[in-house]
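All chains should be modelled from the sequences, with the hints used to inform the complete structure.
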Amino acid sequence: MEKGLVNEGLVSEEDLKSGTLRAKRDGVPRGTVSTESRLITEDKTSKFIGEKGQVPSVELRNYTIDRAVLDLIPEKIARRYNIIPLFKIEDVLTMAMSDPMDIVAIDQISALVRCKTESVMASGQSIKTAIDQWYGVGEARKTLIDELTTEIKEAHTEKDTGQSVDPYRKQLLELRLKSEAEEAPIIKLVNSYIVQAILEEASDIHLEPKQDCLLVRFRIDGLLFDRERLPRKLIAPIISRIKILSLLDISKNKISQDGRVGMVIRDRNIDIRTSTFPSMHGENVVLRLLDKSKGPPSLGDLGLSKDSLVIFRKMISATKGIILATGPTGSGKTTTLYSCMSTLSTSRMNIMAVEDPIEYEMEGVVQSQVNPLSGVTFASALRSILRQDPDVVYVGEIRDSETAEIAVRAALTGHLVFSTLHTNNAVGAITRLRELGVARDLLSSVLNCSFAQRLIRKTCPRCATDYQPEKEFLEKLNLPLGTRLRKGQGCDFCGNTGYRGRMGIFEILVIGKEMRALIESGASEAEILEVAHAKGARTLLEDGLHRVMKGFTTYEEIKRVIEEE
Numbered sequence: 036m037e038k039g040l041v042n043e044g045l046v047s048e049e050d051l052k053s054g055t056l057r058a059k060r061d062g063v064p065r066g067t068v069s070t071e072s073r074l075i076t077e078d079k080t081s082k083f084i085g086e087k088g089q090v091p092s093v094e095l096r097n098y099t100i101d102r103a104v105l106d107l108i109p110e111k112i113a114r115r116y117n118i119i120p121l122f123k124i125e126d127v128l129t130m131a132m133s134d135p136m137d138i139v140a141i142d143q144i145s146a147l148v149r150c151k152t153e154s155v156m157a158s159g160q161s162i163k164t165a166i167d168q169w170y171g172v173g174e175a176r177k178t179l180i181d182e183l184t185t186e187i188k189e190a191h192t193e194k195d196t197g198q199s200v201d202p203y204r205k206q207l208l209e210l211r212l213k214s215e216a217e218e219a220p221i222i223k224l225v226n227s228y229i230v231q232a233i234l235e236e237a238s239d240i241h242l243e244p245k246q247d248c249l250l251v252r253f254r255i256d257g258l259l260f261d262r263e264r265l266p267r268k269l270i271a272p273i274i275s276r277i278k279i280l281s282l283l284d285i286s287k288n289k290i291s292q293d294g295r296v297g298m299v300i301r302d303r304n305i306d307i308r309t310s311t312f313p314s315m316h317g318e319n320v321v322l323r324l325l326d327k328s329k330g331p332p333s334l335g336d337l338g339l340s341k342d343s344l345v346i347f348r349k350m351i352s353a354t355k356g357i358i359l360a361t362g363p364t365g366s367g368k369t370t371t372l373y374s375c376m377s378t379l380s381t382s383r384m385n386i387m388a389v390e391d392p393i394e395y396e397m398e399g400v401v402q403s404q405v406n407p408l409s410g411v412t413f414a415s416a417l418r419s420i421l422r423q424d425p426d427v428v429y430v431g432e433i434r435d436s437e438t439a440e441i442a443v444r445a446a447l448t449g450h451l452v453f454s455t456l457h458t459n460n461a462v463g464a465i466t467r468l469r470e471l472g473v474a475r476d477l478l479s480s481v482l483n484c485s486f487a488q489r490l491i492r493k494t495c496p497r498c499a500t501d502y503q504p505e506k507e508f509l510e511k512l513n514l515p516l517g518t519r520l521r522k523g524q525g526c527d528f529c530g531n532t533g534y535r536g537r538m539g540i541f542e543i544l545v546i547g548k549e550m551r552a553l554i555e556s557g558a559s560e561a562e563i564l565e566v567a568h569a570k571g572a573r574t575l576l577e578d579g580l581h582r583v584m585k586g587f588t589t590y591e592e593i594k595r596v597i598e599e600e
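Residue 98 in this note's numbering sits at position 63 of the sequence shown, with consecutive numbering throughout.
A hint or two may mislead.
[To be verified] 30 Å max Cα-Cα, derived DSSO-like pairs, lysine-lysine:
1. 223 with 355
2. 570 with 349
3. 287 with 223
4. 268 with 245
These aren't lab readings, by the way, just hints derived from the structure by calculation. Owing to the predicted nature of the structure, the values given are computational and were not obtained by experimental measurement.
And the structure:
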């Protein structure tokens, strides 16, 4: 690589020799000397290596590093050579280096870990940041917990005895809780869990008081994973700290409260929604993490099959009518509709939305938050929106007959309306709107499309391998004999689950001429489904099996999601 750098004119031969001698003298990577001496920038080095195809380059913020992998290389060695281990598959350890051509460092680490090593390229600064975060978090948190356990006395809350609590004593308790919550160790401890959750791409942090501890759990790819059990005496100061952050009343622990706070973590704007709920052993707290820096995915990134993507693009190009997303909470309905609006958003369109809550701030969309305490409901906001000359209207959810009636009226008067309903399948939206009082003839004329969706975990790209299913399994799914499928074996990248990330599966019901006639005649769900399937519509299960065949996920995951209901 050195000769290549000289030949490309990125560094002189004299400077390169000088830097090499200094690196040997000081016992540091050559790349560190070169960049610190400003002989060559990290960007130029990375670009050169990438263009020559010698070593792949990685973005470290995309990695979740297992503690067992970190333990393979001591922090002192990692800092000395500016490297960080990423994952280990079988007997091969992959590590990120700022100087992946440093043979001395590679040989020493290979001997240390007693296995083969592979190197990938990352900038020196990103590796330093990763070392600080991944090596520091475990030990630093342990120190904080030990310190807090020693210093903080357990808060003895008053039991419900029917007698009034001494106001003076109550005030002293509140002052003590606030003081403890604003101490530096508690602030660092709470922040460490938020940072860890962001790094692990968790959607929620659950803090659950138990009889003898505070259980910390992260929801990752839709499933909950235990992360730590903290001493019970830390419950009060941790919950109080979160309440202060979220502008909640720390003196109220017998009622539910909702709040929010914005934080910037690793240059990412994170919106945290806080919910408290009184339980037997204390206040249960859930923090929902929304990365506002990401924004909604494009339609092409939702996981739609090619034919489904064509249907989506066609249905959102309509100038009027209603498009409904259905499914349980957490199935991705809102994200999909955000993607639809993002695709439509242009300077020539007026797109207006009323939501609860606003999950992403979208450029080109006028967004409003439902606030029942101020009299702002979906129905009242929708009435006002229709006086604002919108082209496209998004209603977060059709919950009642009044909202349904106004949404139908908006579609009849030339607006394209997006909304959601809580039904199990696409055809269930028709039944639900009938139950809300929408007349059959109106429903048949305004409904353009209804789709149901679920989120499934994707097979881990790092550890996925092909396998030959048993004959009985293939026959059960009507798959040809000899069909090979894919599944993850479990590795550090996926937390040994075999899955990493999620995608959607969809059941799309397009309302054409024949379907409108069925709706107007009051046909049953079974009759409508029969016609839809005859026209080639896939059920959620069929769409899921299509993804299994493509190697995106496993049958076990599809079965888990579909049969959970």
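Now for the hints, and whether the structure bears them out:
A distance of roughly 51 Å separates the Cα atoms of residue 223 and residue 355; the hinted pair therefore is violated under the 30 Å criterion. Distance restraint check for residue 570 and residue 349: the Cα-Cα separation of roughly 17 Å lies within the 30 Å cut-off, and the hinted pair is therefore satisfied. Simply put, residue 287 and residue 223 have alpha-carbon atoms about 24 Å apart, close enough for the 30 Å limit, and the pair holds. A distance of roughly 11 Å separates the Cα atoms of residue 268 and residue 245; the hinted pair therefore holds under the 30 Å criterion.
Comparing the model with each numbered hint stated earlier shows that hint 1 is the single one that does not hold.
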